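The numbering of the sequence shown is the working numbering, which starts it at 1 and goes up by one.
In case anyone wonders, no lab produced these hints; they're calculated from the structure.
Model, not experiment: these values are computed from the prediction.
There is no bait here: all hints are sound.
Straight-line C-alpha distance at most 16 Å; calculated EDC-like pairs for lysine to aspartate or glutamate:
1. LYS207 x ASP261
2. LYS251 x GLU224
3. LYS173 x ASP159
4. LYS173 x GLU156
5. LYS273 x GLU322
6. LYS251 x GLU193
Label pairs and their in silico Cβ distance ranges:
7. ILE67 x GLU99: 13 to 21 Å
8. GLY334 x GLU415: 26 to 34 Å
9. LEU55 x LEU136: 51 to 59 Å
10. ASP253 x ALA333: 45 to 53 Å
Where a beta carbon is used, it is the ideal one built from N, C-alpha and C, also for glycine.
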Amino acid sequence: MGLLTAIPRRGEGWLEAILLPVSVLLLTHFLVPQDPLLLQQPFPWLLLVPLLIALRYEFLPGALAAIILSAATWWHPYPLDLFLPVAAGTLLLTLIAAEYASHWMRREAGRALQEEITATRLRQLADDLYVTRTSLDRLEQSLLYQPVSVRSALLELRDDLRRAPLAPAVFEKVLYFLNQLAGVQVASWYRWEAGASRPQQLAALGKVTDWDGADPVARAALAEGRSQQLADLELERMHRYLSVHVHGHEKTDRDLLCIEDMSFFAITFESMKIIEVFFQYLCNYRDARMGATELLVRWADCPVDFAADLLQLRGLAAIVPEVGICQRYLFRAGREAQELVRRMQNLRRGLDIFWVHESDGHLLVLLLLPFAGSSAAEGQRARVESELQKCCATLWESAFVRADFLPVDARPAAEQLTRWLELQP
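Could you build the full structure based on these sequences and the hints that come with them?
Okay, structure coming up:
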């Protein structure tokens, strides 16, 4: 039934279905007037007309061509025993040709649709490949100029300080990290001993020049005893240094970090903060180790690294908004709490430092998170508690009491530790 109702779109084939059989009949009428349908010939050639029309435009145009050809019987009647078999064969041949044409058109339509889908997918794939290539190029550039993170750099720096405190190799590594993280191109590290007329250069990055005490940034930093940046001064006063970072006082040994050149797009507030944090973190190490002794005398079970890092972070609290957070967990003393603490230590990150303190039948766990904000601390706590409840939910329910966060600030370290060790919330 689909073939019988398959009307060609927009009148396709109807003109050809009329003109072709009419032209053939006119030609045979003048050439063979005694047999215009050529039924008495060895081969019924006029059957090719509806066959071709049906192959091109399916059944209805082919049937119309066959009807026009049969109109020749009006002026040249044929015997019924000769005409009827030919007419039936023509109709059957038209149906077969129309079925084949319909099947072929469906296949062609499917093939065209498949080609269109393939071409669309190829275009999408080409676009995806272009985006991927662009992303890889940007990732390569990012890795070229920033192959390390701030946390990994500080972790490596802390390990170096433990092995060789304030060695020239440590200063050179700091300059390398500043090159990777803050775009520093030319910089030098000086040590100005008390009573000396000029500072001594300990490390350098790039083609540095000699110390210029007359530079306005350097003079402002030395006069005020704190780090100065070019952004803090007038641009027309720029001479040599983009920034000069100072640690120490005039009557003591002072460390100076002088930045002479940076990548243009790296001269930002965040980059200057990164430079200041690295510089002060390194310079505070010696003072922190000395100050940690007082804390260790008061709290004998306090780890040296915990006390030293707390003192370093306390010194940075004046220049960094969120210098770090202490995560405090309170457990009921016992084997359950000890097992939980052991598992918690396996989940800590590289910079995090543990202190397990026993008091009044409780186990107090202090986890110092350097350079972590409130969101990072919440994420760390959620990760630890989720892992512990998966592996030992019963222990957690029986031993856990509470947990909270305590930010590191600029108050004396002993005062902060006293507050952290209080069992009452």
